[in-house]
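Trainee: Take a look at the letters that make up each chain.
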Amino acid sequence: MTVLGGGVIGLSVAWYAARAGFPVTVVDHASPHGGSWVAGGMLAPITEAWPGDEDVLALGVESLALWPGFAEDLDVPLNRTGTLALATDPADNEVLDQLHAYLTRMGRSATRVTRRELRALEPGLGPTVRSGLSVPGDLSVDNRALLDALRAACRHYDVHFTEDAEPPTAVSGVTVIAAGAWSRDLHPALRNVIRPVKGEILRLTARPGTLPPPRHTIRAHVSGRPVYLVPRTDGLVLGATQHETGFDADVTVGAVRDLLRDAETVWPAVAEYALAETSAGFRSGSPDNMPVIDWLAPDVIAATGHHRNGLLLAPVTARRVLSLLREGAPPREGGDS
Amino acid sequence: MDDPLIIAGREFGSRLIMGTGGAANLSVLERALVESGTELTTVAMRRLDSSGGGVLDLLRSLGISVLPNTAGCRGAAEAVLTARLAREALDTDWVKLEVVADEQTLLPDPIELLDAAERLVDDGFTVLPYTNDDPVLARRLEDVGCAAVMPLGSPIGTGLGIRNPHNIELIVARASVPVILDAGIGTASDAALAMELGCSAVLLATAVTRAQDPVRMAAAMRAAVEAGRLAKSAGRIPQRFWAHASSPAPDA
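In the order they appear, the protein sequences are chains A and B.
Residue numbers for the first sequence follow our numbering, so the first one is -5 and each next one is one higher.
Residue numbers for the second sequence follow our numbering, so the first one is 159 and each next one is one higher.
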C-alpha cells in the first residue's frame, strides 16, 4: 500500500499498517508547513471543546485514552501535568464559565480555579490573570520528537520512504490519502471538503536567568483572542493564529505581535526568552471539523481533515484505517464519502 | 407583506445582513446562515480563501450574496487597495468599508473613512461604510455618495447593544439612503430596537456565531428584525406617565 503524506497521520497509519504486515511506501514531500511539524503538540480535547463540536470532542476523548499506550510503544515522553485555561478580563472569565457549564453538561470534568490557586500552580503567571479552568487529564507531546519516533518506528517495520509520488493509477494496492491540507487536490471527493486553515506559531527558548517555562499547557483568552503556551524542556511553543487565506505561508508581523503581546500578558517572562522560530502551517479543515477516515474508492482511503487535532487524533485514526484495510473496501463502489 | 430592503437599486427580501467570523465550524455556520434567512453576508477580504471549500463556497452554494469588507485596514490607502482587490477577486463593486483607528476599540477612524469612501465612490464602487454613530459623519458619508450608512450600536464584538439610540434616530431622520445598524448587537432585543429606531437593516455576526446555540440565536435575530420592522411601521402608542385603562370608560 501507499501512504500519501508523511505527517503525523500518514506516519501513524504507515506504522500501524507495516506492523500488521502490510508492505508500505510513504510518499512525503516534507513541507516545512505541514500541520504536524508546525503544531504545538497539545493533546487537549477538553479545553478545545465548544458547542457544535460534540463529535470532535467525543472522538478526541477516545483518542486521548489511546495516547499513553501509543507514546509508550514509540518511547516518546508525554507531559501529563494537564492544561490550565485562563481568563484575563471579565468577559473572558464569562467565556470560561460557559465552557465549564458546557463541559459539565457533556459529562467532562474540569475544575474552576481561582487566581490564587492558579498562581500557586504556576507562579510565573501574569498578575492580570483572573481565574481559570484546570483539566488535569490533558496531555502534550513534543511534536517533532514524535515525528522522529514515528519515522524510526516505520523504518523498523521496513516502510519505504520516497519523495516521488507515482501516479496513483500506476500504484498497485491501496492508497491512503493522508496529506493534510494538500489532500483536497489528491482526490475529487475531497476537493470541496478539505481546505487549508493557516496557523502561525512561535518557538521560544528559555535563556540563562529566565524563569523556566510553565509546567502545564497554558491556554488563555486575552481580550477574546485565544493563545496557548505548550511547554518544552528548553522553552515553549506559542500559538496560534487561525486564518483561511489558502496556502499563504507567510508569517505576518501582526501575527507575531499579537501572539507575543498576549503571551506576555499571560506569562510575562517570555519577554526575556529567545525568539527561536516563527512558522506557518496548514491545518486540514473540514466542514464539521471532523476528519474524513473512510474509503473514497475501492482502492483509496482518506485519512485527512483533522483540523486542529491531527496529533491528538493520530492513534484513533491509525486504528480506524487499519481496520478499514483489514475489512477491505465495501463491495459497491463509492463508500459514503 | 412585500417589504424589500433596497440598497443601490438591489432588492433583498431579508433585512438581516450576516457576518461569518467566529463560528465553531462551517456546518454550524451553514445552519445558522440558513436559519437567519439572510440574503447578503459580509466576509473579510483579508481572510479569504477563494480556492474552494471555505466560507465563499458555502455562501455561493446557499445563494447568499457576498459583501466583501475591508476589516483590518487602518488607513484610507490600505482600505482602497483592499476594496480593489476584492472587486477583482469577487467580481463585485460592492464593498463594506471598514477603516478602524486602533485594535483595542476597533472604532472607525472618521477622517480616513470619509477619505476612503469618497475615493471608492469616485472609482465606481457601491460603498457601505461602517461608521461611528455620529449624525454629522453619517451625513457627510451620504454626501460623498455612499449607498448606505452603517453606524455602530457599540464597538465590534462587544455585544453592548445600542448605546446611543438617539443618535441612531438622528441619523435615520436625515438619511435618504438606508441606515444599517452595524456592530454591537448582543441579543435579539438589540436587533428589534435597531429596527424600531428606523434602521433599514441590521448587520451582525458574533452575536450569532459565538452564542451557545448559534442556529437558535439566528432564528431569534431573524424574528427580532421582522418584529422590529413591523412594530416601527405599525405605529406605536405614545408613552404616558400615568395609567390609561384600555377598556372604555363607563360614559364613553
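These are computed hints drawn from the structure, not numbers from a lab.
What you are looking at is a predicted structure, and each value in this text was computed from that prediction instead of being measured.
Watch out, some of these pointers could steer you wrong.
Selected chain B positions facing chain A (in silico; Cβ < 8 Å) [claimed, not checked]:
(1) G179
(2) A182
(3) N183
(4) L184
(5) S185
(6) V186
(7) G212
(8) V213
(9) D215
(10) G315
(11) Q370
(12) D371
Which bits of chain A does chain B cover? Going by a derived footprint, with three or more residues having C-beta under 8 Å, they are [unchecked claim]:
(13) 37 to 48
(14) 199 to 207
Idealized CB from N, CA, C, for every residue including glycine.
Trainee: Give a verdict on every hint.
Mentor: Here is what the structure says about each hint:
{"no.": "1", "hint": "G179", "in the structure": "violated, 10 Å"}
{"no.": "2", "hint": "A182", "in the structure": "holds, 4 Å"}
{"no.": "3", "hint": "N183", "in the structure": "holds, 4 Å"}
{"no.": "4", "hint": "L184", "in the structure": "holds, 4 Å"}
{"no.": "5", "hint": "S185", "in the structure": "holds, 4 Å"}
{"no.": "6", "hint": "V186", "in the structure": "holds, 4 Å"}
{"no.": "7", "hint": "G212", "in the structure": "holds, 5 Å"}
{"no.": "8", "hint": "V213", "in the structure": "holds, 7 Å"}
{"no.": "9", "hint": "D215", "in the structure": "holds, 6 Å"}
{"no.": "10", "hint": "G315", "in the structure": "holds, 7 Å"}
{"no.": "11", "hint": "Q370", "in the structure": "holds, 5 Å"}
{"no.": "12", "hint": "D371", "in the structure": "holds, 7 Å"}
{"no.": "13", "hint": "37 to 48", "in the structure": "holds (count 4)"}
{"no.": "14", "hint": "199 to 207", "in the structure": "violated (count 0)"}
Consistency with the previously given hints fails for numbers 1 and 14, ordered from lowest to highest.
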